[in-house]
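The residues making up each chain are set out below.
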Amino acid sequence: MIANYGYKDGSGEYFITINTDKCNGCSKCVDACPYGVMAVGEDLNDPLSDQDVAFVTENERKKIKYTCAPCKPSGKRTTPPCINACGMDAISHSW
Amino acid sequence: MVKKPELWRWTESRWTNPDLDWKDKVITSGVDVGSVSSQAVILADGELYAYSNMRTGSDSPDSSMNAIKWAMEKTGLELDDIAYTIGTGYGRVNVPFSQRAITEIACHARGGNFMYGPTVRTILDMGGQDCKAIHCDERGKVTNFLMNDKCAAGTGRGMEVFADLLGVSINDVGDLSLDIDEEPPPVSSTCVVYAKTEATGLLREGWPKNKVLASYCSAMAHRIITLLERIGIEKDFAITGGIAKNRGVVTRLEKEVDIKIMEKSKYDPQIAGALGAALFAKALYDKGKRK
Numbered sequence: 001m002i003a004n005y006g007y008k009d010g011s012g013e014y015f016i017t018i019n020t021d022k023c024n025g026c027s028k029c030v031d032a033c034p035y036g037v038m039a040v041g042e043d044l045n046d047p048l049s050d051q052d053v054a055f056v057t058e059n060e061r062k063k064i065k066y067t068c069a070p071c072k073p074s075g076k077r078t079t080p081p082c083i084n085a086c087g088m089d090a091i092s093h094s095w
Numbered sequence: 001m002v003k004k005p006e007l008w009r010w011t012e013s014r015w016t017n018p019d020l021d022w023k024d025k026v027i028t029s030g031v032d033v034g035s036v037s038s039q040a041v042i043l044a045d046g047e048l049y050a051y052s053n054m055r056t057g058s059d060s061p062d063s064s065m066n067a068i069k070w071a072m073e074k075t076g077l078e079l080d081d082i083a084y085t086i087g088t089g090y091g092r093v094n095v096p097f098s099q100r101a102i103t104e105i106a107c108h109a110r111g112g113n114f115m116y117g118p119t120v121r122t123i124l125d126m127g128g129q130d131c132k133a134i135h136c137d138e139r140g141k142v143t144n145f146l147m148n149d150k151c152a153a154g155t156g157r158g159m160e161v162f163a164d165l166l167g168v169s170i171n172d173v174g175d176l177s178l179d180i181d182e183e184p185p186p187v188s189s190t191c192v193v194y195a196k197t198e199a200t201g202l203l204r205e206g207w208p209k210n211k212v213l214a215s216y217c218s219a220m221a222h223r224i225i226t227l228l229e230r231i232g233i234e235k236d237f238a239i240t241g242g243i244a245k246n247r248g249v250v251t252r253l254e255k256e257v258d259i260k261i262m263e264k265s266k267y268d269p270q271i272a273g274a275l276g277a278a279l280f281a282k283a284l285y286d287k288g289k290r291k
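Protein sequence lines, in the order shown, are assigned to chains A and B.
This note's numbering puts the first sequence at residues 1 to 95.
This note's numbering puts the second sequence at residues 1 to 291.
Next up, chain A with everything else stripped away, as it sits in the complex (with noise of 0.2 Å):
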């Protein structure tokens, strides 16, 4: 599943895309992120699956453009640490 969490609004569209299908739910995008926005469980919106997936938490979902902009590629950082740490490569930006 892909799942697109974040929103769209007057200025831009913020969405964190996690495709479930690669994810393995090993929590390095939980450790990688120093705001807590990444988090892991079970999937609720496949609730006949027993998987646990990466998924943004539901309070951070609706100000990630601010929570997230710390790690948005400046300098020497060229991807947010999120991204890095997946060796699933499960996890894109919209922005």
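Hints may contain errors.
Claimed, not checked - Example chain A residues on the side facing chain B (calculated, C-beta under 8 Å, incomplete):
no. : residue
1   : Met1
2   : Ile2
3   : Ala3
4   : Asn4
5   : Lys8
6   : Asp9
7   : Gly10
8   : Phe15
9   : Leu44
10  : Asn45
11  : Asp46
12  : Pro47
13  : Leu48
14  : Lys62
15  : Tyr66
Stated by the list, open to error - Label pairs and their in silico Cβ distance ranges:
no. : chain 1 : residue 1 : chain 2 : residue 2 : range
16  : A       : Cys26     : B       : Asp172    : 52 to 62 Å
17  : B       : Glu263    : A       : Gly75     : 25 to 35 Å
18  : A       : Asp89     : B       : Arg55     : 40 to 50 Å
19  : A       : Asn24     : B       : His222    : 22 to 32 Å
20  : B       : Glu73     : A       : Thr79     : 52 to 62 Å
21  : A       : Lys63     : B       : Ser188    : 50 to 60 Å
Claimed, not checked - Straight-line Cα separation of at most 30 Å, BS3-like style, residue types lysine-lysine; simulated pairs:
no. : chain 1 : residue 1 : chain 2 : residue 2
22  : A       : Lys65     : A       : Lys76
23  : B       : Lys196    : A       : Lys62
24  : A       : Lys62     : B       : Lys141
25  : B       : Lys141    : A       : Lys63
26  : A       : Lys65     : B       : Lys196
27  : B       : Lys287    : A       : Lys22
28  : A       : Lys22     : B       : Lys150
29  : B       : Lys150    : B       : Lys196
FYI, nobody ran anything at the bench for these hints, they're computed from the structure.
Think of the CB as a built atom: it goes at the ideal place given N, C-alpha and C, for glycine as much as any other residue.
Add chain B to chain A, keeping to what the hints say.
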């Protein structure tokens, strides 16, 4: 003081399947407590038996109770007869008689699959206070989704505000907005509050009501497209939720995406979430019994 008519008040509905007897069958139910409307769906052995669709009050537990009671009305069913209940929607954790809560994304895909058949791939749920675009497979399993609940633009609530502003019953908004000679440009503000200001300005310029409504419906359709594009629109395409009843938005959306939108199902399009929850309730009940 003259009592102001409640123009935003949409028609509530309830239905019982006349060909079905619930006795000696496994009863499961789904309750969708949304921001604006609440629905309860009752299944007997996985077949649709009864549903209700009403306005959500200020209290989620009460709203869920009212919805299920209205669905059970005159059927002889009691709460104790229901084997498994699942809550969904905004108030999903506040359904006191439910065994579990499931997100509305999963429920809408499952419900949409039941209502519109296995060929449906794209489901757009235009609810009271949010908008969900869902892509699902032939079994109603979500394969891609996106939800926008940060902003009321493109939702039922926005439409209610406009019905009230223009003094038109919400049930007539769609038809009136199509009663125009030439399609006006869409209102430029996406925000409901600003769009309302803009509409007031248009009225002052002398625009007739139906033209203003056309302009707003068109803006709403336009806004939804950008969300749909992110998940990709694939045939068959169905719309659920209250806005599915608004021809003004549906026709314009159809024109913009250039895909035929599926005919309205014979059931109320607002029950998709609760229906999906009831179907999950059946699946989980069966799964629990097998263990």
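- Task: Please flag the earlier hints that this structure goes against, numbers listed from lowest up.
- Result: 15, 17, 19 and 21
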